[in-house]
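Protein chains in written order, with this note's numbering: chain R, 1 to 137; chain B, 1 to 138.
Simulated from the structure, these hints should not be mistaken for laboratory data.
All residues carry an ideal CB built from backbone N, CA and C; glycine is no exception.
There are no misleading hints in this set.
Label-pair ranges, simulated between beta-carbon atoms:
| # | chain 1 | residue 1 | chain 2 | residue 2 | range |
| --- | --- | --- | --- | --- | --- |
| 1 | B | 114 | R | 136 | 45 to 51 Å |
| 2 | R | 113 | B | 51 | 19 to 25 Å |
| 3 | B | 51 | R | 137 | 34 to 40 Å |
| 4 | B | 45 | R | 78 | 44 to 50 Å |
| 5 | B | 74 | R | 47 | 40 to 46 Å |
| 6 | B | 115 | R | 135 | 47 to 53 Å |
| 7 | R | 41 | B | 101 | 29 to 35 Å |
Here are the simulated lysine-lysine pairs, DSSO-like style, with alpha carbons at most 30 Å apart:
| # | chain 1 | residue 1 | chain 2 | residue 2 |
| --- | --- | --- | --- | --- |
| 8 | R | 52 | B | 29 |
| 9 | R | 109 | B | 29 |
| 10 | R | 102 | B | 29 |
| 11 | R | 48 | B | 29 |
| 12 | R | 101 | B | 29 |
| 13 | R | 35 | B | 29 |
| 14 | R | 102 | R | 46 |
| 15 | R | 46 | B | 29 |
Over the 12 Å line for every Cβ pair with chain B, so calculated as not near, a few chain R residues:
| # | residue |
| --- | --- |
| 16 | 21 |
| 17 | 35 |
| 18 | 114 |
| 19 | 123 |
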Amino acid sequence: MLVLDTLAYIYLLLFSIYHIIQGTASVFFPNFAIKFNEVLYGFKPKEKEQLKMTFRPWGSFAFAIGVSGFLVLMNMEEYFLFLIPFIILLIFRAGYRFILKKEIMDYWKVTKIQNWRMIIIQLIGFLLFTIFVISRL
Amino acid sequence: MASDKSLKVLLWIAAVYHIILGLLGVFAKDAAVTLANVAFNFNLTLNNEMLWVINPFAAYLLVFGVFMAVAATDPKKYKNIIYAGVGLFALRVIQRIIFVVSAPEGLISSVDPIRNTVAIAVVAVMGLSMFLLARKLK
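Bound conformation, chain R alone (with noise of 0.2 Å):
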């Protein structure tokens, strides 16, 4: 349980630098979230005007998302109850990214490798935080 528990911890704090990092990037520098998004996921967009006025309130939530990862690991034991979110926005990604393989494939141009490997990244994600949550109960 030690190990899950620490993996756990880990991931979380990936988690919360990654969401850190996208939000502020997306609110501040919607034109490098565009870059950093190509580079990280493989997402080539086409129409970039629009995408850059979502980016700004999308990247506000997942800052905020961000900073209450890090409250949550300072205090896990405590407040294991929020990693319920985060495993419903985890089911969320790798499910959408799942079901619409073909479009992401067709029109964004991700690679199968660059897409499953999203998904298991996110599916261990799943499953560290269900275990975690789940002991606790």
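Model the placement of chain B on the given structure of chain R, informed by the hints.
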């Protein structure tokens, strides 16, 4: 005690609002244009980019709503998370002001100053009230 109750009510309002918005974004894409107009004053054109971006965006709205719901179960214990929520409200107020002032004409759905002021004021009052009520908690 009264402030504790009022804070819970505010947290639940924030929770329900974001959960509904998130669920509609995920499961009712047809409503996205109307929702973007009403909730974000954004003149959305549903192209392939937007159809994709709505998915993660809606998931974040939903998750933030669940965060607020969990915080509402014990505001005293989860005060820090409430402050993070207040931070988000503050950021949204600033963003809405910047959007109204600087958005390209085709992307802003309403330039009516009264509507914009009311929308910004609602978020600001909500955030400020949550902050003051959370500070009162012992």
